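**Q** The primary structure of each chain is shown beneath.
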Amino acid sequence: MQRFQARDLSAPWRHVDIALAAFTVLIIGFGLVMLYSATRRFDAGLTPTARQGLFAVVGLSIGAGVALVNYRKLLDWWIPIYGVAMVFLFGVLTPLGSEGDLGTQGWYRFGIIDIQPVEFAKLATVIGVAGFMATTSFVGLKRLVGALILLGIPMGLTLAQPDLGSSLVFIVAGLGLLLIGGVQLRYLLAIIVIGVVGIVAIMNSDTLSDYQRDRLLVFANPDSVDSDVRYNAEQAQTAISAGGLTGYGFGNGPSTRLGYVPAQTTDFIFTVVGEEHGFVGAGLLVLLFAGMCWRLWRIASLAADPFGLYMVVGILMMVFFHVFENIGMNLGIMPITGIPLPFVSQGGSSMMTFCIAMGLAQSVHMHRYS
Amino acid sequence: MDSSGSQQIRLSAIGIVVFSLFLAVFFRLWFLQGIDRQEFEAASFSNRIRVLHEEGPRGRILDRNGKVLVDNRTSLVVALDREPLRQMTSDERNALFIDLADALNDLGVPIKVERIERGYGDLRYAPQAHVPIADDVGEEVEVYLRERAERFPGVIVKRTTTRVYPYGRVAAHILGYVGEINADELERFGPEANDESALLELGPEGFEGHGEYRLGDSIGKSGVERSYESVLRGKPGKRVIEVNARGDMVDVVESEPGEAGNDLWLAIDVDIQAHAERLLSTKIHDLRGNYVNDVRRGAVVGLIRVNAPQGSITIVDPRNGDVIAMASYPDYDPNLLVHGISQNLWTQLNDPNSGQPLVNWALQGAYAPGSTFKLFSAYAGLASGYLSGGNEVIEDRGVYEVENCSGESCTFRNAGSTQYGRTDVARSLTVSSDVYYYQLADKFWNLRGQYGETPIQDAAAQFGLGSRTGIRLPGEQSGRLPTPEWMRSMNEQYPESFPRGIWQTGDSINSSVGQGDVLATPLQLAVGYATFANGGTQYQPQIVLQATRAVDPALPPGQAGNYTVIYEAEPEVLGQIDIQPDHYDKIFRGLLGVTQERGGTATEAWNAEPTAWPFAGKTGTAQVTGKADTALFAGFGPAVPGVPAEYAISVVIPEAGFGGTVSAPLAFRVMKPVSEGTLIPACHVGQEQACEDARRAAEEAAAQDVEGSQD
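Which chain is which? The protein sequence lines are A and B, in order. Heads up, the first sequence is in our numbering, so the first residue is 1 and it goes up one at a time. Heads up, the second sequence is in our numbering, so the first residue is 1 and it goes up one at a time.
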């Protein structure tokens with residue numbers, strides 16, 4: 001009887017991580033409210049918010065569906081998933097793709113829907129590397145090289161757009177995966193050294209567009225670059241700081257309302273939170289993200305097998321790096337590289353990807369006893 | 001399992017890194033919003049808030065009867081709002097400027113592209129301030145540009161008030177002009193000004209002004225526009241606006257309209273002023289180019305050209321010091337200065353060859369007063385007791401030899417070496433005997449142990465000579481009363497210009513007849529004669545009567561009942577001379593004789609154009625080496641015992657000839673219609689026929705020459 005009950009308790013639906021789901025929904029709700037505030041001045045009414053809400057609903061639905069499927073099925077599917085993602089990521093560089101606002105060749109435009117394949121590719125790469133590390137029998141250097149190739153392909157394709165922020169995501173998620181995958185620390189150190197040399201080389205080559213280089217340099221040496229770039233960073237910090245403890249109130253942030261905050265619906269949406277809701281609101285959002293990361297970390301530590309572990313760590317690193325880099329650049333402690341704040345920045349591709357990622361994490365949690 | 005244990009450690013490591021970085025984000029957030037907030041809040045505020053200052057309209061300037069001398073009118077100005085222009089590429093901007101210049105030229109506003117470019121790059125204006133590029137454009141320009149705001153981003157038309165002068169050039173020197181505040185003025189009067197007393201330069205006490213000057217503000221530059229700046233200046237208003245990231249105005253946060261300044265009533269009577277100016281300028285035009293004898297030591301040595309580069313007529317009221325008229329020639333058209341002064345115009349206005357039209361010679365010119373000074377010498381002689389003690393009558397043989405002295409430099413002559421015979425104080429003034437005063441000065445110097453070294457200078461000082469009268473107009477000269485002490489110190493300081501440091505008898509002698517080193521401004525002469533006329537009260541000359549605020553701004557500011565007085569200038573007594581009645585009578589008789597007695601130096605001039613009541617005065621012909629004589633007249637009327645004199649006048653024209661033939665007739669011509677009450681009102685610039693008639697009448701009058709004495 002006891003055994004029966006115990007087996008019964010292992011049913012997947014009984015192991016939904018309610019907290020993670022709650023954090024996800026709360027962050028999405030918070031994000032929609034802020035998006036509404038940030039787009040009000042365009043006289044756009046509810047449209048952008050409704051559109052983003054629709055993405056959220058679709059994304060959450062897909063995520064829920066993914067959660068119900070046993071994540072282990074992906075062990076059979078990681079190669080096609082990774083492969084398709086890479087094809088799309090490559091395709092965007094061909095004439096099929098289009099340029100975004102800031103000159104990155106990173107979009108497919110289908111009528112009213114724009115798709116940014118790199119967002120999906122981030123998750124696909126996590127799945128791919130996790131799948132590769134979990135299924136290959138050889139260890140040590142060989143496995144490392146294989147993982148590095150799997151990481152290197154999307155990184156290269158992303159840099160070619162060029163989208164520096166996203167390629168950094170591959171590095172950070174990759175480092176997390178390699179670390180948890182048991183790669184010896186001396187190799188990791190070597191990789192970091194090579195990475196640093198690589199970054200320096202990239203900075204001095206023509207890979208990055210001028211604006212990207214400026215955005216990075218403004219962080220290191222504010223006086224060295226054109227004032228427009230410094231302007232973005234200063235405006236963001238000014239607006240956030242002016243919000244103070246409780247902020248100007250919803251829809252009242254002057255810098256937001258008057259358009260002083262650049263890219264306030266996407267890269268700098270955290271500024272809107274800071275200005276309008278102050279330390280209370282912005283701090284709450286940071287706490288929600290920290291809570292989300294804590295749940296992901298917990299799922300990773302409870303994971304039943306290496307594949308689940310790798311995948312969730314990859315997702316954790318991906319979510320964390322987005323949050324840290326995005327909020328960090330809003331606060332002036334990280335260089336400005338355009339990557340979205342998960343669940344909050346305007347954009348369907350990012351919303352879908354992170355919803356699916358949460359679904360996968362849930363799946364790892366729910367199916368750990370199956 | 002080893003790998004599982006290692007995995008746990010690695011997972012923990014990831015957790016620690018994630019946790020620490022979240023902590024970092026949290027601290028940074030707290031640092032920005034909790035600690036550094038105020039600093040950034042200010043930055044956020046200055047980011048989006050612009051304060052636009054708008055000057056209130058200046059008060060108007062009226063004459064003593066409420067006639068408007070300076071008014072305001074609205075004018076349209078094309079200006080650049082540089083915020084949107086800065087967002088453009090330089091190619092776009094250049095194209096816009098060329099397009100704008102073409103459009104403006106087509107609309108009849110002559111402007112060069114360089115002018116627009118200069119305006120765009122003008123660093124004197126704050127980045128948000130509007131830079132004017134074309135003044136006084138027509139309504140059609142405003143309509144044209146408003147309708148094409150898309151084509152001309154950053155080009156705006158704004159309304160400003162501009163000074164307008166209904167009487168044209170009349171009283172231009174007194175009124176002064178208004179211009180944009182310069183760096184020096186901004187430092188002295190602006191927000192950082194630390195010298196409170198500097199503000200007194202801009203207005204009487206109690207009107208310390210609104211102080212807050214900003215770049216681009218207007219400020220009075222000369223005349224009463226300067227000295228009553230704080231009375232006239234409007235209270236600036238401001239509009240606080242919120243702008244978005246593109247610099248477009250989104251909202252008016254606060255609006256405080258400017259207030260008009262106070263209306264200023266001058267003591268000037270514009271009818272007399274215009275009349276005097278007209279006669280002065282026609283007289284000077286008439287004089288120019290003539291030749292007179294060049295006389296040295298009583299002998300004609302050649303001919304000398306009459307240049308009459310300048311001249312002035314000053315009329316004050318002896319009863320209270322009111323300045324009724326103050327004409328200075330050459331004049332200028334203040335309308336030329338309302339939109340700032342070009343370098344060319346500035347040079348022209350200050351060119352000595354054109355007579356420095358900006359200078360008000362009535363108080364900025366200092367001249368040897370010549371025989372007009374004898375009033376003060378005569379008073380010194382009587383008051384000291386020397387003349388009244390039995391030495392009054394002398395025999396004037398036309399020449400005076402200094403006692404105990406021999407040689408050519410010991411001989412002093414009357415003009416033309418005329419012998420006047422038995423001469424007392426009154427006669428010495430009437431016929432203008434120099435010998436009488438040479439002797440007086442010689443005695444005074446010889447008896448300096450008894451009378452002091454400078455009895456004559458001291459007396460003149462009591463009448464206001466040698467120091468500024470303190471009239472509230474900028475630039476007044478102090479004139480000069482030379483003394484042995486002064487001579488010594490000048491010699492010490494400037495040995496080349498003043499090779500002699502020891503005062504000699506000749507210096508006393510020259511000074512006694514207003515020659516030598518004596519200098520007086522025309523205003524000082526008028527004040528000196530006014531002081532005598534009223535029996536010895538020296539009033540400070542007042543240029544302003546009162547300041548008022550209009551009750552209904554739409555009605556004329558001088559209309560009875562339409563104003564409330566907020567400031568009244570009180571007559572100010574600078575000194576009181578206790579003139580003994582018999583001394584007064586003697587001098588009075590002498591001065592009256594100048595116009596009324598046979599042999600009086602201005603009798604013929606007065607007879608040619610007699611005033612309605614007797615006029616008393618003194619002619620003066622001051623010699624200036626190498627130039628024609630300075631022609632002077634100073635006097636007062638009505639000159640009737642027991643009747644207070646209403647007008648004291650001085651007429652001074654350098655390089656012009658004799659006082660009796662140039663200045664005295666001019667003085668009577670000015671005073672005649674005033675005394676008769678037949679003065680023709682001053683004409684407005686619009687009244688062409690009236691102005692033309694007045695001009696012609698003045699020309700005819702100037703052409704009438706009178707014979708007169710040489711002094």
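Quick caveat, the hints were computed from the structure, so don't treat them as lab data. Hints may contain errors.
[Unchecked claim] Stretches of chain A that chain B covers, calculated by requiring three or more beta carbons in the stretch to come under 8 Å of a beta carbon on chain B: (1) 238 to 250; (2) 273 to 279.
[What the hints assert, rightly or not] One side only, chain A facing chain B, incomplete, derived with CB under 7 Å: (3) ALA290; (4) TRP297; (5) PHE320.
No experiment lies behind these values; they were computed from the predicted model shown. Where a beta carbon is used, it is the ideal one built from N, C-alpha and C, also for glycine.
**Q** Just to be careful: measuring from the Cβ of PHE320 (chain A) to every Cβ in chain B, is the smallest value less than 7 Å?
**A** Holds: closest Cβ of chain B sits about 5 Å from PHE320 (chain A), inside 7 Å.
**Q** Hey, does the TRP297 (chain A) contact hint survive, CB to chain B under 7 Å?
**A** holds, 5 Å
**Q** Are there three or more residues in the segment 273 to 279 of chain A whose C-beta lies within less than 8 Å of some C-beta in chain B?
**A** holds (count 3)
**Q** Test coverage of the segment 238 to 250 of chain A by chain B using CB-CB distances below 8 Å; three residues minimum.
**A** With 8 residues in contact (Cβ-Cβ under 8 Å with chain B), the coverage given for the segment 238 to 250 of chain A holds.
**Q** Less than 7 Å between beta-carbons is the criterion; does ALA290 (chain A) satisfy it with respect to chain B?
**A** holds, 5 Å
No hint from the list above goes unmet by this structure.
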